[in-house]
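Residue numbers (my numbering), protein chains in the order written: chain A, 1 to 321; chain B, 1 to 319; chain C, 1 to 340; chain D, 1 to 517.
A few of these clues could be false.
Said to hold, decoys possible - The following label-pair restraints were derived from C-beta to C-beta distances:
id, chain 1, residue 1, chain 2, residue 2, range
1, B, Leu108, C, Ala62, 39 to 45 Å
2, A, Ile157, D, Arg130, 50 to 56 Å
3, B, Ser158, D, Asp381, 40 to 46 Å
4, B, Ser158, C, Asp2, 56 to 62 Å
5, B, Ala96, C, Glu189, 41 to 47 Å
6, D, Gln59, A, Arg179, 49 to 55 Å
7, D, Pro334, B, Ala96, 44 to 50 Å
8, D, Glu235, B, Leu264, 44 to 50 Å
9, B, Met290, D, Ala20, 56 to 62 Å
10, A, Thr181, D, Gln70, 31 to 37 Å
11, B, Leu108, D, Glu391, 51 to 57 Å
12, A, Arg179, B, Met290, 47 to 53 Å
Bear in mind the hints are in silico, worked out from the structure with no lab data behind them. What you are looking at is a predicted structure, and each value in this text was computed from that prediction instead of being measured. Note that beta-carbon positions come from the ideal geometry of N, C-alpha and C, so glycine has one too.
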Amino acid sequence: MLDDIRTNKREVIALAFLVVLVSVYLTTHPSGPTTYVLTIWANQCTVLALVAIAQFFAVLVRGLDLSVGAVMALTNTLASHLLIGSSTSIGLGLLAVLAVGSLCGLANGLAIVYGRIQPIVATLASASVFVGLALLLRPTPGGEIDFDLADALTLDIWGLPTALVILTVIVVVFWIPLRRTGFGLALYAIGSSQQAAFQSGTPVARVRLAAFVLAGLFAGVAGLFVSFITTTGDASIAPNYTLNSIAAVVLGGIALRGGVGSLFGALIGAFILKTISALMFFSGLPPLAQPFVEGLILAVAIAIGSADILRLRNRLEVFDR
Amino acid sequence: MTARLFNRVQLDADALVPWIASLIVILVGATVFPKFLSAGYLLQQLQIASFLGVLATGAMVVILLGHIDLSIPWVLGGAAILSTSLAGTGNPALVALAIPAALAFGALVGVINGIGVSIFRIPSMVWTLAVNAMLLGVAVLNTGGFNPKGEASALMSSLSTGSTIGLPHALIVWLCLCLLVFAILKRTTFGRYLIAIGNSEKATYLSGVETPRIVFGAFMLAGACSALGGVLLAGYANQAYQSMGDPYLMPTIAAVVIGGTSILGGKGSFVGTIGGAIFITLLTSVLSVMQISEAWRQIIFGSIVLSMLLAQNLRRRKA
Amino acid sequence: ADTYRPECYAPAPDTTSISYPAKDGPYKVAFVNGFAGNDWRIAAIQSAKAWAARPENAEQLAEFKVISVGNDSAAQIAAIDNFIAAGYDAITFTAVNPSAFTGVIRRAARAGTVLVPFDNVLDTDKIVQVNEDQKALGRLKAQTVMDLLDGKAKKILMVNGLPGNSTDRDRRVGMMSVLDKVDGLEIVEVVGNWDTGTSQKVVADALATHGTVEGVVSQHGTAGTINAMLAANHPIVPVGGDAENGVRILMAENKIPGVSASQAPAMSAIALAAAIDLLKGHPLPQTIYLPIPYVYADQLAAGENFFPDLPKSFNTGTGYEECFKPFTPEELMGQSPDNN
Amino acid sequence: MSDGKRELIRFEEVTKAYGATLALKKVSFTCQAGEVRAVLGENGAGKSTLMKLMSGVIQPTLGKIYVDGQPVRLESPGAARDLGIVCMFQELSLVPDLSVRDNILLGAKEVGMGRLSKGNLTRARAILDRIEGAHIPMKRKVADLSLPERQQVEIAKAICRAPRLLILDEATSALNASVVQKVFGLVRDLRDQGTGILFISHRFHEVDDLADSISVFRNGEHVDTFQKGKHSYSEIIAKMIGQSLTELFPPRLSPIPDGAPLLKVDDLSFGDTLRGVSLEVRPGEVLGLGGLDGQGQMVLVQALFGLLKKTGGQISENGHPLQLKSPRAAKAPPTGIALVPEDRKTEGLIPELSIRENMELAALGRHPFGLTDLDNGIDPDLFTRFTSEMELVCRNFDQPVSDLSGGNQQKVALTKWLALQPRCLLLADPTRGIDVKTKTQIYRLIRQLAAEGVAIILLSTDYEELIHLCDSVHVFYDGAVRQVLEGPELTAENIIAASLNVNSVPVQAAQGHPAHA
Ligand SMILES: Nc1ncnc2c1ncn2[C@@H]1O[C@H](COP(=O)(O)OP(=O)(O)OP(=O)(O)O)[C@@H](O)[C@H]1O
Ligand SMILES: Nc1ncnc2c1ncn2[C@@H]1O[C@H](COP(=O)(O)OP(=O)(O)OP(=O)(O)O)[C@@H](O)[C@H]1O
Ligand SMILES: [Mg+2]
Ligand SMILES: [Mg+2]
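Just chain A, same shape as in the assembly (with noise of 0.2 Å):
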């Protein structure tokens, strides 16, 4: 028990300050908590949630992915293209979209494993192609989605944001599961020490390639989603979304050194960002102070979830940090 509070304490810190941001901005918000004032909050999160799972997976087997963003515009450009139409055209175009995202991170996955780059290098060329491509798909932001599958997946169900069900959906049905697989321990103790888990027996390479195209899948989710809230692709959309899917999963408690935190964790971490810009609109801030306020708190944020650093009493244990 006490064992398990010490493991989680950054996500416990993370999300004790997001219930105080959600909380603060609810109030703030002149309409209140009504469904549709929760949906939008919902949407805009979930879009960086999902980028920041994608971002968790490569992060947890200690490779930074700095091409989420580039998949997400591909994806997105993409799904303009092939979610329009009849339901099975639209139930096929999915299935492509997802494939795609899932490729892109195999290609990552190789050049990263068997290529010997460093993910982050790696990933910074491979963004640029990605993009490349995004833009061959669509030159300029146009095509459309089908409206009432966006729909039915940007509202409400019962007065519960799509959005949400769809991250408690991952989170039950996907990440629960895995994390008690030998997979999911995988993943943690390659993240943590890759000679260990090798001399433990565990494929290394396979499972840090495995870990890298999940990270491409979740990337294509995050554009698809991308593309259900707007209805249209657009290829400029990946600088927006590859760093602060970082900062989220840094501000959930995970390390990038690899093999801690938790893919809740990530998403606690994505809507604390997206809270905070969200924070913006009623705060009745002059316009030109607003980019300030807002770097200012994440960088508090991002200090609160590290100022533990100065309990420390003995000196040599801020270095496993």
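Given chain A's structure and the hints, the job is docking chains B, C and D with the ligands onto it.
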């Protein structure tokens, strides 16, 4: 042969890759535009590469440390705005202050980065990102109020656009900076500590080194370099404007890593970084002059960088 | 259909007209900006606030909020939805993405909220949009340059804007519509991203490799283009450029013939005015093409249409005479951020 | 043990080359079921390499490996595991950020990538309990365990995979005598059930205690294999190092010093890991810190090296209270305290850097931002003096430290600090995982330094060391000094008694040690 010697050889080989690549780019380009081989064009590329190179020099210092500095864009922008504002006042004292003030500003941001990274031990990837966001905010706030007429001081313009006996001043500035930083890294205790920390901060601290000081120093140096880049770019455009730094972040990092510097820190090569800056500038320029569509430029750029990295690693594995 | 104040809200060719049932003021209005870290947008914010600060407008506004959401269409959609949810009467915005707002438009209609996009407008005919005719803007620059060259030229340099952006596309189309007619004309195209520094670099490259040109048309960041030409000791040739203070200073200093015209940030104020007028029940054209504010090089007058002692990044487009008294630089700049 | 043992694994002419280094040269080696085989050799003799080959961590450059008479290719630890070969590695194969539970399940045959089966857990729990690991909770993060606790977990993890061949590479190097006994009991049971065991240790009494037969390796070659008892210790050592070793512990060179203490610790406390410890050490004195691991000895050492904030009590040097705010403050003259840390690979040295760079790192600080490296106030000959005294084996000082075997790495770690000519030297388990020859060299050096008037504080898990080197031993228990042993009362029995916090102990397995032989 000793493993060490192998490392050395490898390092140099890695460092050469961008140089060779640059050569290929020029030659290939020249088949379409013979002018690529003209001294005028090449000198001009060197001048433009100097801006990227100055930034890359700073970035490299931080990367050697095992960290990364994502606050480059708005340190650059802030320094440009600050220096042009001072120069714009026309008051000789303030005009003279333009460049020093900008550099000081960069170093100051370096301190803020250092606090987050070495005191709070926040991953630099995120902390410098937040700092960048705050700097953007400050810049926006500042341009909201009344600004003095901004323009580059004579010195700034001459530094970035002037040239003596054909050599662009920017290039000279860049090379001097490289020599300076090279000397700092190779000949001073500070440099030794920097490399040591890049390999293992714990072991370095246990050797009786105040590692936070070194981290601070490195980030201040990097901040000053970014600021210098801002000063040069402001001199080049003879003005400052918002988000003038944004196009430089990724190319800067790319320049450092294709130069053979390990993103994990601890090992890297100056020759490589210089080559990296030149290569990226050349490639961008050639692609732009050839009027290749944005989409294909991105694809080509990414693929070439990827294949260069692969080349470096495959060779390393053979050795 | 004849619309309200056509001299200001000039209808685009064969556009429809739109009107909403009148509401009584004062109104709750919001301006949802995209990315803030860019001079044009800051000027737009300043103009909007300056307009709202003028007494005759202030009394019609119960609330006026400005927020910036960054280059993120999802965030902008969320922001607009929020103001709809909060029961705002009208929302003006610069669309991050021209085709992403179909859903928002439907929700706004349901809630009876007036949406007025400007600058970066939408591919829709359901709401009133305020903009300049981007094609015409391109045409104006190209035409002026060609006229100065008596319609004959061998080589023209064309500096484009941000790839993948519809405004960039339209402006280019406008320029091409003129240049295509010139026979035997070689057009050297480079991508300047509407950014002074980038323009300067790519133009420097182009001049180094393509030699001299007879004229230059540039979408934005023209200051960089001119700097590059001066640095290359390129002969003075006609330039069709943007209307940043720095550009006009350079044109005046170096006696560069041509025209300086562009998107005026004051457009944000017109969008506000249009929103108010719509709320009052006046019919307006669905697509409003504001008269493009431009100055020929020989009409440049310091202190009047450019300001040597203001920042070069200052946008001279401080207003549209046809609509209201243009703002004085002090009125804009003096707006200290804290008097919201 | 039964006769007619089955052959489990056989090496034929196996060679392993690392670039230029030949870690193993044409080694032929067999290992039977139901036998405990001790593998002895100096650092770098090739023991770990042999084990890594057997467990599929690395593959041979030349030669064949047979399992149950069948030629096999062990291309990964997974493959070896499937053949029933399980290795307990010297560099522990535990994942720091995972819980004990997860570590035990990780890579277990019946788990694979699929659902986690709890089967192993109960077995592992039982094993842990049996080897004094009852206090280790399954949910605790491995990173939060002490080194010995980790070795206990590692043992449990290895054994609950029901190996046919169990490899223990310095598996017990950090465990104290009583736990080692329990582990050995367990190993004997396994042997009697027919498991083959390979056992690497640098502690002779352990080998003596457990092994049935002994194989000796010397720089990459399999020198000899024989039944235990066939050769005397001195003969074995002679085989190991290719020469005979007169004695392990050199005689003291100077009388036990009296006079004013150099370093004085008064009522030092830190949280609940250190409770009011007081001691003094004189110039030329060798003061030992004993006790089970994690009883506060290490904390004391860290405090003395300025690694702890807000400690209670006082540390004074020659009567002047010290403000130890950092290692930098501690090493700076005139204070001159030096610490050679426990874990040379992550704390003592930077393996990627060259020997020279490592040795200079501590010295550089002398002139903080001095314009050039060389000007670090250290006469380069000082390095060579110590390296030649300890017979450091290396091509040249530009070789990366990672090329050196553990023993030689340790010599570099020592030199790095000795060159500073510290007045007080803190040694944390300086001979762990180090072979006899290197040990003697280090012991000789300690004696010399003492004779030169350096005050030495020696923390050790090897009580033989404490007995034969130290003038007095402070035995720690639960953060406090349980007992101070000096002169005649300085015996293995007393040390163990004190560290277990009891007054009489069962007879320990300390008999028959080279020092006595
Ligand atoms: N990964 C490696 N790269 C290069 N050389 C290596 C490597 N591993 C081992 N060697 C060389 O092989 C030799 C034998 O190493 P090995 O680890 O087997 O020695 P050892 O007997 O285990 O030493 P110790 O008693 O310290 O454990 C070492 O001296 C080293 O020089
Ligand atoms: N990359 C490498 N290059 C050269 N030598 C290496 C390398 N990795 C390990 N070695 C050497 O190979 C041997 C095997 O490594 P190992 O970790 O077993 O060290 P060791 O000799 O056992 O020392 P210790 O017993 O203190 O761990 C060591 O001597 C080590 O110095
Ligand atoms: Mg070994
Ligand atoms: Mg060893």
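Hint check:
1. B:Leu108 - C:Ala62: 39 to 45 Å: Because 43 Å falls inside the window, the suggested range holds.
2. A:Ile157 - D:Arg130: 50 to 56 Å: 55 Å, holds
3. B:Ser158 - D:Asp381: 40 to 46 Å: 52 Å, violated
4. B:Ser158 - C:Asp2: 56 to 62 Å: For aspartate 2 of chain C against serine 158 of chain B, whose Cβ atoms are near 60 Å apart, the range 56 to 62 Å holds.
5. B:Ala96 - C:Glu189: 41 to 47 Å: 42 Å Cβ-Cβ, so the 41 to 47 Å window holds.
6. D:Gln59 - A:Arg179: 49 to 55 Å: Given range 49 to 55 Å: violated, Cβ gap about 33 Å.
7. D:Pro334 - B:Ala96: 44 to 50 Å: Because 47 Å falls inside the window, the suggested range holds.
8. D:Glu235 - B:Leu264: 44 to 50 Å: At 48 Å between Cβs, range holds.
9. B:Met290 - D:Ala20: 56 to 62 Å: Violated, at about 48 Å.
10. A:Thr181 - D:Gln70: 31 to 37 Å: Taking Cβ atoms as reference, threonine 181 of chain A and glutamine 70 of chain D lie about 32 Å apart, which means the hint holds.
11. B:Leu108 - D:Glu391: 51 to 57 Å: 52 Å, holds
12. A:Arg179 - B:Met290: 47 to 53 Å: With Cβ atoms ~51 Å apart, the hint holds.
Hint check: violations occur at hints 3, 6 and 9; the rest are consistent with the structure.
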